[in-house]
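Trainee: This is what each chain is made of:
Number of protein chains: 2
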Amino acid sequence: MKKHNFSAGPCILPQSVFEQASQAVLNFNNSGLSILEISHRSKDFVAVMDEAQKLAIELLGLEGKGYKALFLQGGASTQFLMAAYNLLEKKAAYLNTGTWSSKAIKEAKLFGEVEEVASSKDKNFNYIPKNYSVPADADYFHCTSNNTIFGTQIKDFPTTGGIPMVCDMSSDIFSRKLDFSKFSIIYAGAQKNMGPAGTTLVVVKEDILGKISREIPSMLDYQTHIGKDSMFNTPPVFAVYTSMLTLRWLKEKGGVEGIQKLNEEKAALIYNEIDRNPLFEGFAAVEDRSMMNATFNLKDEKYKDLFEDLAKAAHINGINGHRSVGGYRASMYNALPLKSVQTLVNVMKELETQA
Amino acid sequence: MKKHNFSAGPCILPQSVFEQASQAVLNFNNSGLSILEISHRSKDFVAVMDEAQKLAIELLGLEGKGYKALFLQGGASTQFLMAAYNLLEKKAAYLNTGTWSSKAIKEAKLFGEVEEVASSKDKNFNYIPKNYSVPADADYFHCTSNNTIFGTQIKDFPTTGGIPMVCDMSSDIFSRKLDFSKFSIIYAGAQKNMGPAGTTLVVVKEDILGKISREIPSMLDYQTHIGKDSMFNTPPVFAVYTSMLTLRWLKEKGGVEGIQKLNEEKAALIYNEIDRNPLFEGFAAVEDRSMMNATFNLKDEKYKDLFEDLAKAAHINGINGHRSVGGYRASMYNALPLKSVQTLVNVMKELETQA
Numbered sequence: 000m001k002k003h004n005f006s007a008g009p010c011i012l013p014q015s016v017f018e019q020a021s022q023a024v025l026n027f028n029n030s031g032l033s034i035l036e037i038s039h040r041s042k043d044f045v046a047v048m049d050e051a052q053k054l055a056i057e058l059l060g061l062e063g064k065g066y067k068a069l070f071l072q073g074g075a076s077t078q079f080l081m082a083a084y085n086l087l088e089k090k091a092a093y094l095n096t097g098t099w100s101s102k103a104i105k106e107a108k109l110f111g112e113v114e115e116v117a118s119s120k121d122k123n124f125n126y127i128p129k130n131y132s133v134p135a136d137a138d139y140f141h142c143t144s145n146n147t148i149f150g151t152q153i154k155d156f157p158t159t160g161g162i163p164m165v166c167d168m169s170s171d172i173f174s175r176k177l178d179f180s181k182f183s184i185i186y187a188g189a190q191k192n193m194g195p196a197g198t199t200l201v202v203v204k205e206d207i208l209g210k211i212s213r214e215i216p217s218m219l220d221y222q223t224h225i226g227k228d229s230m231f232n233t234p235p236v237f238a239v240y241t242s243m244l245t246l247r248w249l250k251e252k253g254g255v256e257g258i259q260k261l262n263e264e265k266a267a268l269i270y271n272e273i274d275r276n277p278l279f280e281g282f283a284a285v286e287d288r289s290m291m292n293a294t295f296n297l298k299d300e301k302y303k304d305l306f307e308d309l310a311k312a313a314h315i316n317g318i319n320g321h322r323s324v325g326g327y328r329a330s331m332y333n334a335l336p337l338k339s340v341q342t343l344v345n346v347m348k349e350l351e352t353q354a
Numbered sequence: 000m001k002k003h004n005f006s007a008g009p010c011i012l013p014q015s016v017f018e019q020a021s022q023a024v025l026n027f028n029n030s031g032l033s034i035l036e037i038s039h040r041s042k043d044f045v046a047v048m049d050e051a052q053k054l055a056i057e058l059l060g061l062e063g064k065g066y067k068a069l070f071l072q073g074g075a076s077t078q079f080l081m082a083a084y085n086l087l088e089k090k091a092a093y094l095n096t097g098t099w100s101s102k103a104i105k106e107a108k109l110f111g112e113v114e115e116v117a118s119s120k121d122k123n124f125n126y127i128p129k130n131y132s133v134p135a136d137a138d139y140f141h142c143t144s145n146n147t148i149f150g151t152q153i154k155d156f157p158t159t160g161g162i163p164m165v166c167d168m169s170s171d172i173f174s175r176k177l178d179f180s181k182f183s184i185i186y187a188g189a190q191k192n193m194g195p196a197g198t199t200l201v202v203v204k205e206d207i208l209g210k211i212s213r214e215i216p217s218m219l220d221y222q223t224h225i226g227k228d229s230m231f232n233t234p235p236v237f238a239v240y241t242s243m244l245t246l247r248w249l250k251e252k253g254g255v256e257g258i259q260k261l262n263e264e265k266a267a268l269i270y271n272e273i274d275r276n277p278l279f280e281g282f283a284a285v286e287d288r289s290m291m292n293a294t295f296n297l298k299d300e301k302y303k304d305l306f307e308d309l310a311k312a313a314h315i316n317g318i319n320g321h322r323s324v325g326g327y328r329a330s331m332y333n334a335l336p337l338k339s340v341q342t343l344v345n346v347m348k349e350l351e352t353q354a
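Heads up: the protein sequence lines correspond to chains C and S, in order.
For the first sequence, numbering that gives the first Met the number 0 begins at 0 and goes up steadily by one.
For the second sequence, numbering that gives the first Met the number 0 begins at 0 and goes up steadily by one.
Worth double-checking, as some hints may not be accurate.
[What the hints assert, rightly or not] What follows is a set of in silico ranges between Cβ atoms, one per label pair, in the way DEER data are often shown: (1) C:R213 x S:K89: 17 to 27 Å; (2) C:T158 x S:N319: 45 to 55 Å; (3) C:T158 x S:K64: 50 to 60 Å; (4) S:G65 x C:E263: 48 to 58 Å; (5) S:D43 x C:L337: 20 to 30 Å; (6) C:K1 x S:K227: 47 to 57 Å; (7) C:A354 x S:K227: 33 to 43 Å; (8) S:L305 x C:K1: 47 to 57 Å; (9) C:G111 x S:K129: 38 to 48 Å; (10) C:E263 x S:K311: 36 to 46 Å; (11) S:E115 x C:G226: 44 to 54 Å; (12) C:G161 x S:R213: 32 to 42 Å; (13) S:L305 x C:T223: 53 to 63 Å; (14) S:E286 x C:S180: 42 to 52 Å.
[As the list claims (entries may be wrong)] Covered by chain C, per the in silico footprint, the following chain S stretches (three or more residues, Cβ under 8 Å): (15) 17-26; (16) 138-149; (17) 275-284.
Worth flagging that the hints you see were computed from the coordinates, not collected in a lab.
We put the beta carbon where it would ideally sit given N, CA and C, even for glycine.
Generate coordinates for the entire structure from the input sequences, incorporating the hints supplied.
Mentor: Structure below.
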């Protein structure tokens, strides 16, 4: 019995991807070898890396616009320091919308001055600040597009007046259409909408690099990886392969526009129930609600055990909220079927009946 | 038909590991979830990480000796800079035995003075320098235990007189018994004897840390990862799981001592044939020959096509030498069966007959 997997990440991927990845561990491309035992320099794997990079650029609508897609290691946490290492000469501007923004700010401070242009810390990050301005003398502006823990998401990105925009899109990349050419660097740990944990997509506009006086260690220098097509050192072969399979699946689903429709449907279903059901209340400000992670609480804790028992009986997995927020979080990444959200909504209705 | 896989890395792993890993991609621990979609904070995965760390320490004979095993990302290439970032205050001593040592030296120079205590570059790294001394004022001494490209291996490690020894054991970790407590840091990309590409084992003696004045970004600080049991950020779940399976397999095979016997048998078989067969010659100095990677050449290039055709017909994969050396390289990591080496030796004998 497959579960309805609302895990915040690593999270559900398409079932067809699990099946293909499982088969490749036994016999990759009918080569008689496992994907785990082939050289990353082999023709077959070079083709995988190439396709993964091309699909990422294509799905973001960035073909011919001077961008390069890299598949690196170390997660967004490594990008927190790499972005600053490569771009921060004097001052950077950061928008603070939660735990991950705060961590990015902490790392950047090791490399220069950081101006926090706005923060929603005053209300435990339950909203996205608006009406801030990005200082004209900043080397770059950094923001987090979706806040997994708090369930908020930036709907309108600021106009930066030519200041390069760097965005951590770990938890909503490939989930909705945006003008991605507004960003100079987009980075995302794979383990939400793209693949298994173990690789990080970094999409870099090449012309923003090489402007810093600092010496950069090879592995931390975006130019190293661009020059070697993400093959400067041994890449995480299986994670890249599985990401490529997931990006292929996304393309078949109509790409970012196609999946956005499904994501909107799923989000409407759960938020409508949160707002309708007298036993629940949402955590995030309504206008800033995330399409990926719906955070909500029981108004009365006395229904906790009953709700969780009903959810478990319905084979629902991974809806406990993060400790900073409490309550519940339904993560509805690209691969989560509508019927999983419907199942959760039915449990919420059932609770109302039984309560 | 399975191939005889002599790939230099990523390389062959035990067939039973491929089967278990493939199954876990469909249904991990009979949970109804793929290993790729579970939270790294789930009880089941925390148990995997814990077992992997314990097995690494146990198999190296380092229990109760103040060491911590970490499973990180970024490969040995990231360790080149992390070792220096964490330990190099003024001066470090490096032994240069090939491509990977040279790369480690390049990165360390960004952080302080590097004294190259000896190098075998004069003979294209076909031997291991001896009779050098480690300066008493070095912060640490760094060496590469096995040189995959050149097929050399350090048999006797120097006495460092209390200077911490840091060793890149990427290509021979867990292959032979050593007094591992002589080392303060051992690091190794997983993709030879330990697992798939995508995780890096770092074994750190905790008391050598915290002695540096430099500020270290969180992800590059060994203390960050020690404090969080390799879970500071999302670890590469599948690579760690598959490494754990491989370490379990190694323990069942009698651990490092058990596998060493098999590795010695395989190495004797191929080197005896290289020395006996009048068509071939070895590349590395005899006393420094690697038990993992045998490098050899045809004395007369005119037999190249015939040799490679015979090898292909025998389902032999991955014996082309690295471009810096040319010729052939038979990588015989832990999981390579004796019969694969016997098959290659038979092909070498057959070439002699047909030539």
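Trainee: Quick one: are R213 of chain C and K89 of chain S within 17 to 27 Å, going by C-beta?
Mentor: 21 Å Cβ-Cβ, so the 17 to 27 Å window holds.
Trainee: Determine whether the Cβ-Cβ distance between T158 of chain C and N319 of chain S falls within the hinted range of 45 to 55 Å.
Mentor: 54 Å, holds
Trainee: In terms of beta carbon proximity below 8 Å, does the segment 17-26 of chain S have 3 or more residues touching chain C?
Mentor: Coverage by chain C holds here, the residue count being 7 at a Cβ distance below 8 Å.
Trainee: Has the hinted range 33 to 43 Å been met by the Cβ atoms of A354 of chain C and K227 of chain S?
Mentor: 39 Å, holds
Trainee: Is it true that the C-beta distance of K1 of chain C to K227 of chain S lies inside 47 to 57 Å, as the hint says?
Mentor: 31 Å, violated
Trainee: With 47 to 57 Å as the target window, see if L305 of chain S and K1 of chain C comply at their CB atoms.
Mentor: Roughly 53 Å apart at Cβ, these two residues keep to the hinted range, so it holds.
Trainee: Honestly, do G161 of chain C and R213 of chain S meet the 32 to 42 Å range at C-beta?
Mentor: 34 Å, holds
Trainee: Please check whether G111 of chain C and K129 of chain S have a Cβ separation lying inside 38 to 48 Å.
Mentor: Given a distance of about 47 Å, which is inside 38 to 48 Å, the answer is holds.
Trainee: With a C-beta cutoff of 8 Å, work out whether three or more residues of the segment 275-284 of chain S approach chain C closely enough for the coverage to hold.
Mentor: Not satisfied, violated; 0 residues make the cut.
Trainee: Against the range 48 to 58 Å, how does the distance between the Cβ atoms of G65 of chain S and E263 of chain C compare: consistent or not?
Mentor: 54 Å, holds
Trainee: For the pair E263 of chain C and K311 of chain S, does the Cβ-Cβ distance stay inside 36 to 46 Å?
Mentor: 53 Å, violated
Trainee: Honestly, do L305 of chain S and T223 of chain C meet the 53 to 63 Å range at C-beta?
Mentor: 41 Å, violated
Comparing the model with each numbered hint stated earlier shows that hints 6, 10, 11, 13, 14, 16, 17 do not hold.
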